[in-house]
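Order-wise, the sequence lines are chains A and B.
Quick note: the first sequence, position 213, residue 213 per the working numbering, numbers continuous.
Start counting at 1 in the second sequence, then tack on 287, and there's your number in the working numbering.
Hints are computed from structural coordinates only; laboratory data are not their basis.
Only a predicted model underlies this, so the values are computations on that prediction, with no experimental measurement involved.
All the given hints hold, so there is nothing to weed out.
Pairwise CB distance ranges, derived in the manner of DEER restraints:
#1 A:Q120 - B:V496: 30 to 36 Å
#2 B:S513 - A:H220: 23 to 29 Å
#3 A:R282 - B:K556: 32 to 38 Å
#4 A:R284 - B:K399: 49 to 55 Å
#5 B:R545 - A:A234: 44 to 50 Å
#6 A:D90 - B:F553: 20 to 26 Å
We put the CB at the ideal spot given by N, CA and C, even for glycine.
2 protein chains.
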Amino acid sequence: MKVTLKTVLTLATLFFISVCGADDSSWRKLSLNNTVLLTLPHGQVVIELAPQFSPKNAAQFSKLTQQGFYDGTKFYRVIDGFVAQAGPKDGSKKDKSVPLLAMESEWQTDSKWTYTPVQQHDLFAPQTGFKQGFALAYQAGENDSLGTAWLTHCPGTIAMARNNAADSASSHFYFVIGQAPRYLDRIMTIFGRVVYGMQHIQAIQRTAVIDGDDAVKPRHFTKIVSMQLMSDVAKAEQIHLEVENTESTAFAERLVQRRTRDSAFFYKKPPPVLDVCQIPIRSRLIK
Amino acid sequence: MKVTLKTVLTLATLFFISVCGADDSSWRKLSLNNTVLLTLPHGQVVIELAPQFSPKNAAQFSKLTQQGFYDGTKFYRVIDGFVAQAGPKDGSKKDKSVPLLAMESEWQTDSKWTYTPVQQHDLFAPQTGFKQGFALAYQAGENDSLGTAWLTHCPGTIAMARNNAADSASSHFYFVIGQAPRYLDRIMTIFGRVVYGMQHIQAIQRTAVIDGDDAVKPRHFTKIVSMQLMSDVAKAEQIHLEVENTESTAFAERLVQRRTRDSAFFYKKPPPVLDVCQIPIRSRLIK
Numbered sequence: 001m002k003v004t005l006k007t008v009l010t011l012a013t014l015f016f017i018s019v020c021g022a023d024d025s026s027w028r029k030l031s032l033n034n035t036v037l038l039t040l041p042h043g044q045v046v047i048e049l050a051p052q053f054s055p056k057n058a059a060q061f062s063k064l065t066q067q068g069f070y071d072g073t074k075f076y077r078v079i080d081g082f083v084a085q086a087g088p089k090d091g092s093k094k095d096k097s098v099p100l101l102a103m104e105s106e107w108q109t110d111s112k113w114t115y116t117p118v119q120q121h122d123l124f125a126p127q128t129g130f131k132q133g134f135a136l137a138y139q140a141g142e143n144d145s146l147g148t149a150w151l152t153h154c155p156g157t158i159a160m161a162r163n164n165a166a167d168s169a170s171s172h173f174y175f176v177i178g179q180a181p182r183y184l185d186r187i188m189t190i191f192g193r194v195v196y197g198m199q200h201i202q203a204i205q206r207t208a209v210i211d212g213d214d215a216v217k218p219r220h221f222t223k224i225v226s227m228q229l230m231s232d233v234a235k236a237e238q239i240h241l242e243v244e245n246t247e248s249t250a251f252a253e254r255l256v257q258r259r260t261r262d263s264a265f266f267y268k269k270p271p272p273v274l275d276v277c278q279i280p281i282r283s284r285l286i287k
Numbered sequence: 288m289k290v291t292l293k294t295v296l297t298l299a300t301l302f303f304i305s306v307c308g309a310d311d312s313s314w315r316k317l318s319l320n321n322t323v324l325l326t327l328p329h330g331q332v333v334i335e336l337a338p339q340f341s342p343k344n345a346a347q348f349s350k351l352t353q354q355g356f357y358d359g360t361k362f363y364r365v366i367d368g369f370v371a372q373a374g375p376k377d378g379s380k381k382d383k384s385v386p387l388l389a390m391e392s393e394w395q396t397d398s399k400w401t402y403t404p405v406q407q408h409d410l411f412a413p414q415t416g417f418k419q420g421f422a423l424a425y426q427a428g429e430n431d432s433l434g435t436a437w438l439t440h441c442p443g444t445i446a447m448a449r450n451n452a453a454d455s456a457s458s459h460f461y462f463v464i465g466q467a468p469r470y471l472d473r474i475m476t477i478f479g480r481v482v483y484g485m486q487h488i489q490a491i492q493r494t495a496v497i498d499g500d501d502a503v504k505p506r507h508f509t510k511i512v513s514m515q516l517m518s519d520v521a522k523a524e525q526i527h528l529e530v531e532n533t534e535s536t537a538f539a540e541r542l543v544q545r546r547t548r549d550s551a552f553f554y555k556k557p558p559p560v561l562d563v564c565q566i567p568i569r570s571r572l573i574k
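For reference, chain A alone in the conformation it holds in the complex (with noise of 0.2 Å):
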């Protein structure tokens, strides 16, 4: 029963690198024109950019980022379990100052469109998977040709903050920072996803407290330090960054593994099913 089970998703994988292209290099270089050095009183961050999939809100946050825009902002709403928002303040000149974005949440594929598929009937999508590095959703559409993609709201994905309306966002952006609420996907723009420093993300300073508590005075929330351009960093400073590759055979292989569980600690063997958002994408420096 076990081999049989293994034969079939090992088969299943080659099927899919088959069909979906595979990448020989396991690891892919990020570029310091798309990552972010986000720098916190308390450690430093980096952040991949995915303007591939929402390029205009990217594009926004990259330019605000090379004004110096967020250094000395801070992050106002962080509630434990769920999200790190930062922003200017709220209805001032420099906040109102920005333009206001489209949203960007999704996106028709066609017939020519891959992805590295993760798993059928997930709670919240018919498929999900990854590309690029990036979790995402998939629905397939009417006669397949015409599908519909989306990022996934799982913990270190970035996505701007908005009001009601859904073209309401403008530089106010948070980071997960819990268990993934997917209920935000397909109407939040998600524009990239911490690769580097994600334990000072979870370390910033709350600002919900439970019923009882002492609130938390303004002046001990986190404030950025910097946010920079990685490649607007001195040399010398600068973090170099490789990530999985998440359209290579080692990662297909590594998605096989995790699924299967083959190790002697799983006694009992779990569901061969795969959350997307618990699949970590592994980063390693360079030099």
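Got chain A sorted already, so can you dock chain B onto it with the hints?
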């Protein structure tokens, strides 16, 4: 369509309430004998134990806590997005002094057993829900009278660590600090959950680093200042808490609201599904 769905869900909830038995008190006071105060160098954390589900594991943890066993021990295996694990030095006299525990990861249910249902066809289980504040999964038996239920690995759960053998846990434990590793359900003994101060668990020093990064020296590992049963804590220092009563009508209504997302913020409604690990059970401080 929206109204119809809401009506259906409300009716379903009322049905659940009548089937499962509702309780009119929205909050449940935690017993000082059943809560643990974990003092870390950077903050205080309160754990509610679950002896009703894992009696022997909870009792051993409670007994060790009362002996001061954990005071001064370290979080020696902390992986961001996964777990923070602590215990005495592996193989030390202290480590070996503790009796091994039998697995208590699931239990049989009979026809009288009730719970607050949350979601059918969850990715990892036929059913999820809550009982007495704890997230769980349920699988009906063949004739529905004899089923199986188990606590789920949501963020903030505390469980016993073990070696490869099922019944090899003793004193080492871990907190879940990332996306629910549900593949550990049914093969690890969960015996409690964090009800206060989860942000301090999230701020524990990670011990695992990515390739190319500097190793973390053991002297920087987070130390447990003290672990005490709340009833043993000096009166003035005790933390008194209430948590939402997951058997109450108010909680059932909150589940309906969370599923239907009626707020204007949801300009497009998400699928009417709930991830049992993405439903915060609120706590509040009482005098």
